[in-house]
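Listed here are the chains, written in short residue letters.
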Amino acid sequence: MSVMEQDSAGAPARASLMNDPKVRGYFYQMLLVVLLLTFGYIIVTNTIANLERQNIASGWGFLENTAGFGIIQSLVPYTETSSYGQAIFVGFLNTVLVAVVGIFCATIIGFVVGIARLSNNWVISRLAYCYVELIRNVPLLLQIFFWYFAVLRAVPGKREKWSLFDTFHLNIAGLRGPKPIWEPGAEFIGYALIIAIVATVAVSRWARKRQENTGQQFPVFWTAVGLIIGLPLITYLATGMPIQLEHPNFVETGPRLRQGFELGVGFNLIPEFLALTAALAIYTAAFIAEIVRAGIQAVSHGQTEAAHALGIRQGPTLRLVIIPQAMRVIIPPLTSQYLNLTKNSSLAVAIAFPDLVSVGGTVLNQTGQAIEIIGIWMAVYLSLSLLTSAFMNWYNQRMALVER
Amino acid sequence: MSNKILPLVLGAAMGVAASTAAGATTLEDVKAKGFIQCGVSQGLPGFSNPDAQGNWTGLDVDLCRAMAAAVFGDASAVKFTPLSAKERFTALQSGEVDVLSRNTTWTMSRDTQLGLNFAGVNYYDGQGFMVRKDLGVTSALELSGASVCTNTGTTTELNVADYFRANNMPYEIVAFEKADEVVAAYDAGRCDVYTTDASGLYAQRLKLTNPGDHMVLPEIISKEPLGPVVRQGDDEWFNVAKWTLNAMINAEELGVTSANVDEMKSSDNPSIKRMLGVEGAFGEGIGLSNDWAYNVIKNVGNYEESFNANVGPDTPLGISRGVNALWSDGGFLYAPPIR
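These protein sequence lines are chains R and A, in that order.
Everything in the first sequence is counted per our numbering, starting at 1 for the first residue and increasing by one.
Everything in the second sequence is counted per our numbering, starting at 1 for the first residue and increasing by one.
Just so you know, the hints here were simulated from the structure itself, not pulled from any lab data.
Here the structure is a predicted model, which means the values were calculated and not measured.
Each residue gets a CB set at the ideal place from its N, CA and C atoms; glycine is no exception.
There's no promise every hint is true.
[Stated by the list, open to error] Quick partial rundown of chain A residues pointing at chain R, CB under 8 Å, derived from the structure:
1) Thr90
2) Gln93
3) Ala161
Based on the provided sequences and hints, a complete structural model is requested.
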């Protein structure tokens, strides 16, 4: 305030300038910006000075040094000779993988439970109620431990297995199955899939137009199924079956250590991934179920009655009348749950799943670059969160009530 | 876990750590607050482990108590902060703890790049492997294709990678944040091998369902000199840590124990006289009273007493002195003289 008085000292229009809300507004905003910049400057210079005084190395050069430690699961090629930067990237991809799979499963479970909660069947609605109350009131970390340690002890050891159709095998080292080996020509199958998806979108647009114009319906769903499964299948046969399946190799003879599944043969989902994804999906689904229930209950019962009065059957009423209106209520809190799931995946470190926080923590410990690593963590989670919420906001806008 | 590191880092970043902000030395800080804040492990029997009442015991804990005895004449003037391997250095750098006595390996990069000083070695260790006896493995070189459980953020993780790579053996690493979780996963059979420092293997084996079903393989694949760590740039406090450890080792060499320390005060041996503050003024040199070493031995005991009480042959761990014997008995322990 003293600055203010000095500035305007002697000015004839002093009173009016002081009282001009616009000028005052600008002044306070400027003041805030200056204060924030000063604060930021102090933090940065103070940090640098402290690091130098304590002889702690800083900078980003460490990202190119050799990591030297192994990672149990990586979606991109990684060895102990890769750099710290690559190790962190592996962790980042693992985080994204858990988040995407987790969100997908949580959404499905959440919607099913949420709708079941409203079922007229007493048993079903009670079961859904118990699920929600049980799951959302137990801390997530405990659930992760439960899914990991309790299940680890229940499944067969490394030298035994449970098999399904002799194709999928479960034991303490994970869920194994055939791994597709892509041979030359396999890329056409990918192209075929893309064409099928584009065609599906085109068909559904055309069908919607036609229904609006003529009232005639077109079996879009079955067409889509036919396209998306059929087209790649035809391509697969036409190009001479370029995908081979590599089955996991179960060794039953030889030294006891080597018995069990051979490392690196076939496809393996490690138990750490399964436990983490299951815990996250089941935990978040409990919250999503409540959101879905609230959304559906927010739609007035008159809408159902009106739809029935028009002769629309139960299924289409739910699909075409209730859910679209409920979605407007559901999407904003659903976004928060998706963000929570992504951030909660950082608890992975407790059960040895190499996510961003786990791998980053190892790098932090090996290099001591705490500030840089925590900067990376914050930047990554912030970007993931902003991306998710940007997408959900876009989707929400599309679903928003359009007044005609 | 990360949620613990963040405030520590912010604390370090913003210079709110009392020691740095006030410009006081750690010794002054410690004297002002009346206790030593000591970083220990989250529970490693024999080294630093809380009992049911929350009293910490162990070889590493004894070092902290000895420092408290040296500074205050009171071995109980210590507060313990359990730290994971990942958190420990940040906690020390940021001033959260005054000394880290947590089975930490002295390596060059830690000594030179993290702003830390290692005050000596209180246990010479090496990394080993533990397996189930029924695997029929007798050497670590037969571990090709094994899955290995270990702690994340340790030199252990790097050593095991080096070892398997050097011997051209494929392996699978499962790295947990806490030792207890490594033990649980290994016990459940998730891994064929559990690797950490050999002392840790013996300690953690006690936590397994059937300790007798497991054996430690003969190979020791690394040098792990474990010792207390302090912040760099505070020589006074560094000296306190260094000489407390040296006093314990010297006391063993001179035959001074917590039981006979009072009689030994009247000993004719000039080395003992100097150590116990009867002759000379060695306490002044490190900013302490002259009977600092007397207090250490009286309250905590010499190295041998601490070793035997915590990890020695008569404890559940049953570790023999081995290379941790005095130099005069063929071991590595050799403390510079107090003179």
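### Task
Would you check whether Gln93/A satisfies its interface hint, that is, whether its CB is within less than 8 Å of any CB in chain R?
6 Å, holds
### Task
Using 8 Å as the Cβ threshold, decide whether Thr90/A counts as touching chain R.
It holds, given that the least Cβ distance between Thr90/A and chain R is near 5 Å, below 8 Å.
### Message
Ala161/A was flagged as interface toward chain R. Is the shortest Cβ-Cβ separation under 8 Å?
### Response
5 Å, holds
Violated hints are absent here; each numbered hint is respected by the structure.
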